[in-house]
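All chains, full assembly: derive it from the sequences and hints.
To convert a position in the sequence shown, counted from 1, into the numbering used here, add 1.
Hints are computed from structural coordinates only; laboratory data are not their basis. All figures in this text were calculated on a predicted structure; none of them were measured in a lab. Do not rely on the hints blindly, as some may be mistaken.
[Stated by the list, open to error] Distance ranges between label pairs, derived from CB positions:
{"hint": "1", "residue 1": "Arg60", "residue 2": "Arg25", "range": "11 to 21 Å"}
{"hint": "2", "residue 1": "Trp100", "residue 2": "Pro127", "range": "18 to 28 Å"}
{"hint": "3", "residue 1": "Pro127", "residue 2": "Arg71", "range": "29 to 39 Å"}
{"hint": "4", "residue 1": "Pro127", "residue 2": "Gly73", "range": "35 to 45 Å"}
{"hint": "5", "residue 1": "Gly73", "residue 2": "Gly96", "range": "41 to 51 Å"}
{"hint": "6", "residue 1": "Gly12", "residue 2": "Glu61", "range": "16 to 26 Å"}
{"hint": "7", "residue 1": "Pro123", "residue 2": "Thr87", "range": "14 to 24 Å"}
{"hint": "8", "residue 1": "Met101", "residue 2": "Arg60", "range": "33 to 43 Å"}
By construction, the Cβ of each residue, glycine as well, lies at the ideal position given by its N, Cα and C atoms.
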Amino acid sequence: MVVFHIERRGGLPAYLQIVRQVERALRMGALVEGDRLPTAAQVAAATKVNPNTTLKAYRELERAGLVEVRQGAGTFVIHVPRPPETKADPALRGGLAAWMREAREEGLGASEVVALFDAVLPEVFPEGACAAHG
2 MVVFHIERRG GLPAYLQIVR QVERALRMGA LVEGDRLPTA AQVAAATKVN PNTTLKAYRE
62 LERAGLVEVR QGAGTFVIHV PRPPETKADP ALRGGLAAWM REAREEGLGA SEVVALFDAV
122 LPEVFPEGAC AAHG
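Shown next, in the form of structure tokens:
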């Protein structure tokens, strides 16, 4: 299950934040084929966005071939894109794992690591960063 967070000061429309958060959850394995996404009402209650905003995001994900809306049953993941692997992947993964172990040794929990990552991401990738996993 994915928990959505909407950054209202970032300038990125809420529906695109939802799209990017689902895409990221797919890439990271937090969502897999067959998983059901939260309903528009559930997302609205959790994030204080209009349910139509979530529906717009889900339509975008459906157009991308990632999810399928099943009338009366919900929205389900139907495709998990595989990221292209590069020669640098093992080294980058190892470096990131080492950094995370260091953060854990310093007393940070998973939520603090994610918050730190989200705070630094726009500094390094200002062109495509979206707060809170997007």
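Okay, the hints, checked on the actual structure:
Range check, Arg60 to Arg25: Cβ separation about 19 Å, and the 11 to 21 Å hint holds. A hinted range of 18 to 28 Å holds for the C-beta pair Trp100 and Pro127, which are about 21 Å apart. With their beta carbons about 38 Å apart, Pro127 and Arg71 fall inside the hinted range of 29 to 39 Å. Checking the proposed 35 to 45 Å range against Pro127 and Gly73 shows it holds: the Cβ atoms sit about 42 Å from each other.
For the hinted restraint 41 to 51 Å between Gly73 and Gly96, the CB-CB distance of approximately 46 Å keeps it satisfied. The given range of 16 to 26 Å is respected by Gly12 and Glu61, whose C-beta atoms sit roughly 18 Å from each other. For the pair Pro123 and Thr87, the beta carbons lie near 23 Å from each other, so the given range of 14 to 24 Å is met. For Met101 and Arg60, the Cβ-Cβ distance of about 35 Å falls inside the hinted range of 33 to 43 Å, so the restraint holds.
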